[in-house]
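Participant: First to last, the protein sequences are chains A and B.
The first sequence stops at residue 615 when you use the working numbering, and every number in between is there.
The second sequence stops at residue 249 when you use the working numbering, and every number in between is there.
Keep in mind that the hints were calculated from the coordinates and are not lab data.
Honestly, I wouldn't trust all of these hints.
Stated by the list, open to error - Below, simulated PhoX-like cross-link-like pairs (lysine-lysine); rule was C-alpha separation at most 25 Å, straight line:
hint : chain 1 : residue 1 : chain 2 : residue 2
1    : B       : Lys188    : A       : Lys203
2    : A       : Lys459    : A       : Lys203
3    : B       : Lys44     : A       : Lys30
4    : B       : Lys188    : A       : Lys171
What the hints assert, rightly or not - Using C-beta positions, here's what the derived DEER-type ranges look like:
hint : chain 1 : residue 1 : chain 2 : residue 2 : range
5    : B       : Asn70     : A       : Tyr322    : 22 to 32 Å
6    : B       : Ile4      : A       : Lys542    : 50 to 60 Å
7    : A       : Glu125    : B       : Gln143    : 21 to 31 Å
8    : B       : Asn86     : A       : Leu440    : 51 to 61 Å
9    : B       : Leu140    : A       : Glu294    : 31 to 41 Å
10   : A       : Arg123    : B       : Leu140    : 19 to 29 Å
11   : B       : Ser108    : A       : Glu442    : 22 to 32 Å
12   : A       : Phe116    : B       : Lys80     : 43 to 53 Å
As the list claims (entries may be wrong) - Calculated from the model, a selection of chain B residues having no Cβ within reach of chain A, i.e. all distances over 10 Å:
hint : residue
13   : Ser190
14   : Thr200
15   : Met208
16   : Phe244
For clarity, every value in this text was computed on a predicted model and none was experimentally measured.
Where is the CB? At the ideal position from N, CA and C, for every residue including glycine.
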Amino acid sequence: MEIIYSDLLCIGAGLAGERVAIEVAQNGFKVVCLSLVPARRSHSSAAQGGMQAALGNCIKGEGDNPDIHFEDTVKGSDWGCDQEVAKLFAHTAPIAIRQLAYWGVPWNRVVSGRSFYYKGGKRFEKIERIEKHGLITARDFGGTAKWRACYCSDGTGHSLLYTIDSVAISKGVLVHDRSEAISLIQDGENCLGAVVRCLRTGKLRVYLAKATLIATGGFGRIYRASTNAIINEGGGLIIALETGLVPLGNMEAVQFHPTGIVPGDILVTEGCRGDGGVLLDINKYRFMPDYEPEKAELASRDVVARRMVEHMRKGFGVKSPYGEHLWLDIRHLGKEHITTKLREVYDICLNFLGINPVEELIPVRPTQHYSMGGIKTNVYGEAYGLKGLFAAGEAACWDMHGFNRLGGNSLAETIVAGMIVGKRIVEFLQEREVNFSLKLVELELKKQQEKINKLIFGKGRENVYKVRNAMQDILMDYVGIFRNEKDLQLAVDNLQELLERSKQIKLRSNGLGANSELSLALKIEGMVKLALCVAYGALQRKESRGAHTREDYPYRNDRDWWVRTLAYFKEKDSLPTLEYEPATKKIFLPPGKRGYGGTKIVPYDYPKDAPLPEL
Amino acid sequence: MSRILEINIFRYNPEDPASVPRMQTYYLEETPNLNLFIALNRLKEEQDPSLMFDFCCRAAICGACAMVINGKPQLACKTKTKDFPNQINLMPLPGFKLIGDLCVDTGSWFRIMNEKLEAWVHTNKEFDPEAEEERMENSLAEQIYELDRCIECGCCIAACATAQMRSGFLGAVALNRIARFILDPRDKRSEQQYFEIIGTDQGIFGCMGLLACEDICPKNIPLQDQLGYLRKKMGVLAVKNYLFWKKRS
Ligand SMILES: Cc1cc2nc3c(=O)[nH]c(=O)nc-3n(C[C@H](O)[C@H](O)[C@H](O)COP(=O)(O)OP(=O)(O)OC[C@H]3O[C@@H](n4cnc5c(N)ncnc54)[C@H](O)[C@@H]3O)c2cc1C
Ligand code: SF4
Ligand code: SF4
Ligand code: FES
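Work the whole structure out from these sequences, hints included.
Facilitator: Written as C-alpha cells, this is what we have:
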C-alpha cells in the first residue's frame, strides 16, 4: 500500500485549489495537489472574459466600490446567496486582483484620453482620466452597475492560472497530476484523506492528510451540451456526497450561458456582449430590448437565456441540422477589436465553425455553463458534516452566487475563496492532531479495489457510455431552462431507474493502466446521484428564482422558499434526502426587485396563511 | 456519399503485459463538421473502449490533445477530418514519456521546465494589500500577454530537431517563457541571471534557428522574434562574460 502524507491534500489544481495551496504552503505546511490533468490544463484556463473586482479605475467604472459590487451580486443571485459571504467576497476582490498583478498577471490597463466603445450596436465616446492611466482597467459584463470585469484580452483564466501555478511552483506546492480521487477516507467525524487512482498506471494510492480540500470545479458534463471541459464530471462532489454525511447545497441552481456556439457548445465569452455585441433572430432583428428595455443583452445570464428560449419558442429561432439557434453579432466592433480583445472568440469561430466573426454572424444558443450548487461550506470554507474537510471554487456552495452567478464573479470567487479558506486551513492545521487509523485506510482501499474488480470481472451487463448518455439526455430534456412538475417528475423517475442500471456496469475493455472506460465506470453511479440531486431539488422547489424557472410556479416566493436546499445521499437510498436552511443569516440587503427579468415576487413578509396572489 | 475514414492509431499499453507497440486500423463514417475530438470519442465509445488519448477543453485552449497527425504535431480537437485524405495516421507526441497509445506525459515535462527556468516573477518587494497596483502601460501588458498565450501543448518540442536529438534542450517554449519574463518589469532578475538559465547549448545557443517551432505553434506565438531577440541579447552577454573572465584570469 503506497501512502503519501501531507498537511493539506488539495483535490483539484485549478485556480481555487492552487490559491488555497499557496496560502497554506507559504505558512510552512506540506501541500499536495491532485489533478486529473496537468494543473495548467484545469478548466480555469478556459475562462475568457474577466474577473470582477470593484477597482473603479476606468471611467465607466468610476465611483464603483465593494458595496455596489455586493449589491449587484445579491441581485444577480436573485437573493439566493449568503449575504455575509457575498459581502466578504466583494470587499476582498480588489486585494485579490492587485495581488495577482503583483504576481505577474498582465491585466489590461487604462489608456488615458479619448476612445470609443459600443453598446447595443451603437458607438459612444469615452474619455479615460489621466490620473488613472496605467491602472488596471475593466470591461462591461451582464448584471452589473459598473464596468468591473478586469481582463487580459479574452484569455483571463489562462493568464491567471499560469501565474497562480507559477507561484505554487515557487512555493514548493507539489502537484500530482493524472491522479483521480475516487473516495474520501473518513471515520464518521473526521476527514483523513482520499483513495486515489493513478491515471498513468491505474494503481491505487492512499493520501493521508490533516486537512482535505475539495476544489474540483463544476459538474457540467452531467448535461449533454455543456461549455465545460470534458473532465468536469463532478468527481469531488461525488466523493463528498457518497460519505452520506456531507450535503450539497442548491444543486438545482444550474446556469445556462446565453452564447454557446452551435454546433460544438463551446463558449464565446460574455465579453462579446459586454463589448457591444448584440443578439439577433431569424429576421436579423435585435429582440432583447423588447424584453429587457433597460439592460437588453446585458441583463443577467439567467434572464438573457430565458428570453432567448422564449423568443425561439415564438418561432423566431434559426433552424439548423443541429437544432434551433439565434445569432450573435459582433461585426460592428471591427477587425482590430475582434482580433485583439476578442481573439479567442475569433479563433474559436474560425476553428470550430469555419466562420469569420468580423464578417459573419455567430450561431449561438443557451448552453449549460456553471454549477452554482456544490459542497456546502460555511463562510470559512469548512464543509458541513466532516471535520477537516474544506471546499472552494466552483465545487463549493460557499454561497455567493445563490441562484445565478454573475459573469466574472467566478474567477474572482476562486481567488478570494482561496485566500479566505486558505487562511482558515492554516489556523486549523496549527491546532490539528490526528491519528490515522490504518485499519480504516485498508478497509476503504479494499472497498475501492473490490469495486474495480467487480467492474472488470463482475456479472454486470450495462455499457457505461449508454448509461451516461441516457443521464445526459434526461437532464437536457427535462431539467433545462424552463421546468415544470410533469417533466421534473419524469426526470426523477427515469434517473432512479438509471441509478439501478449504473450499479450493473461491466467494462468491455480490460481496464488495465490509464484506462478511461474504468475512470468513467468508477464515477457513473455518483454522476447519476448528482443528476438526481439536481432534478429532485428542482422538483421540490416550488418557486422560480434565478436560473431555476418553474413554469408552474412563476413567483419568486420569498415567504416560503428563501432557503437553500441541502441534499444528502444515504448509502442504499435511491433519492437524496432534502433539508433546507435559511438562504442567509445576515441580511444587509432585504429582498427586492432585481431591475431586470421582470420576476413576480411573493414578499417574505406576505401573510403566512394567505393564498399566493393570482397569476 | 460520405467518406469512410481509415484511421490508423498507434497502440501500446505499457501496463498490459500482453500489449505490444503496433498500429491499429479503425474505420469511421465521416459526418459533417467532424473533428478528431468527436472522431476519437466515437471510436472509443462505439468500437474500442481501451483506446487512450487526451482531451480536456476541446476548444484549442488547454493544450491537452497534441498528437502527431499525418506526420505533423498539432491539436487534435481543432483538426477537421475534411482537411485530410481518407487515411489519417495518429501517433503520440515524440519527446515526452509515453503513458499509453496517444497519451504522453507533458505535465511532468513542463513542471520540470518551469522549475528549471524559475518561471515566476522574482522580486524582493512585499505585496502591500493596502496599496494601489503598480502602473503599467497597456501596450506592455499586451506584449506580455502575447507571449503568455502559450498553452504548453508541446508541439514545438515535438517538431524541433534539436529537442528530439538532445533531451535536455529547453526548446522554443522555454525560450519564449524566458522572453516573457525579461519583458516583464515586475521580474527583477538581472540579465546575468537569465543568461545562467538559457545562455548554454541546452538553451539559446543550441537552437539551430530552422524555425520548425514557429510554423507548428497552434497559438501562432511569434517564436522566431523571441528566439532572434534572445540570441542577440545573450550573444552580447556571452561576449561580455568572456571578456570579463579573460580579464580576471
Ligand atoms: C468556457 C468557460 C468560460 C468561463 N469564463 C469565465 C469568465 O470569464 N469569468 C469568470 O469569472 N468565470 C468564468 N468561467 C467560470 C470559471 O472559469 C470557473 O468557475 C472556475 O475557473 C473554476 O475554478 P476551480 O478552481 O473551482 O475549478 P477548475 O479550474 O475546474 O479545476 C478543477 C480541478 O480539479 C481537478 N479534479 C477534478 N476532479 C478531480 C478528482 N476526482 N480528483 C483529483 N482532481 C480532480 C481538475 O483536474 C482540476 O485541476 C468560465 C467557465 C467556462 C466553462
Ligand atoms: S528554431 Fe530552435 S527551437 Fe525552433 S525548432 Fe529550430 S532548433 Fe528548435
Ligand atoms: S510555444 Fe506554441 S507550440 Fe510551443 S508549447 Fe507553447 S503553444 Fe505549444
Ligand atoms: S482539448 Fe484542449 S487544446 Fe485540444
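Participant: Tell me, in ascending order, the numbers of any earlier hints that this structure violates.
Facilitator: When the structure is compared with the hints, numbers 1, 3 and 12 turn out to be violated.
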